[in-house]
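Q: Residue-level listing of the chains:
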Amino acid sequence: GAGVSQTPSNKVTEKGKYVELRCDPISGHTALYWYRQSLGQGPEFLIYFQGTGAADDSGLPNDRFFAVRPEGSVSTLKIQRTERGDSAVYLCASSPVPGAYNEQFFGPGTRLTVL
Amino acid sequence: AQSVTQPDIHITVSEGASLELRCNYSYGATPYLFWYVQSPGQGLQLLLKYFSGDTLVQGIKGFEAEFKRSQSSFNLRKPSVHWSDAAEYFCAVGAPGNQFYFGTGTSLTVIP
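Protein chains in written order, with the working numbering: chain A, 1 to 115; chain B, 1 to 112.
Keep in mind the hints are simulated off the structure, nothing from the lab. The model shown is predicted, which means the values in this text are computed figures rather than measured ones. Check the hints yourself; a few may be wrong.
Unchecked claim - Stretch by stretch, here's where chain B covers chain A in the computed footprint (C-beta under 8 Å, at least three residues):
(1) 15-26
(2) 71-84
(3) 106-112
To be verified - Estimated spans, in silico, between C-beta atoms of each pair:
(4) Gly16/A to Gly16/B: 49 to 59 Å
(5) Lys68/B to Ser5/A: 34 to 44 Å
(6) Ser14/B to Gly72/A: 45 to 55 Å
(7) Pro40/B to Pro96/A: 51 to 61 Å
Said to hold, decoys possible - So the derived list for chain B, only partly shown, Cβ under 8 Å to chain A, looks like this:
(8) Pro40
(9) Gln42
(10) Gly43
(11) Leu44
(12) Phe51
(13) Gly53
(14) Lys68
(15) Ser70
(16) Gly94
(17) Phe100
(18) Thr104
(19) Gly105
Each residue gets a CB set at the ideal place from its N, CA and C atoms; glycine is no exception.
Let the hints inform the model, and build the full structure from the sequences given.
A: Structure follows, in structure tokens:
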């Protein structure tokens, strides 16, 4: 079956611009996670959705970052007034049900470059 | 606070040789531990996981890992490495609140 997909695969933008990154989770997965992976680092947790609501957004670095999942399926990560330090690979993962013991299925990521 | 340490940034092994990738965690309770592999252009793929019970767990692609509570370690092993195993390997711990904490990764190079 289809895995987690993310679009675009690459995004180049200029400092100060607004960007949206999209994640299509595996069908039926209720839990959805966003991570940020900087060069040479492991994925860093940003936000977790259970259904439509953000159950934990403690990883969002500041109020320029926002994510939604209005229908409990597709999610969009939104970054306002992008900064060069936002350049990273943004990973999305989904899980059939929430729980720290459950495998998360990862998408290939969106590489964001802020010039 | 939870954390994961992978002390080896990069490892090179010959094809057919054995492999051990180190992982140490910091966590107050019995952790949920995972190893993921990331190949270029691919998403992270789960190799194996440990929750409880037998401390030696088997995974896909011939990998295994051993949980050692006394050492706070969860090292990944493979008896004979194949060229296709070249990738980035991440250890992770799952914590209450459904967060995953990842290590910084170990890059594996396999030489013929």
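Q: In ascending order, which of the hints set out earlier in this document are inconsistent with the structure?
A: Those not satisfied are hints 1, 2, 7, 8, 13, 14, 15.
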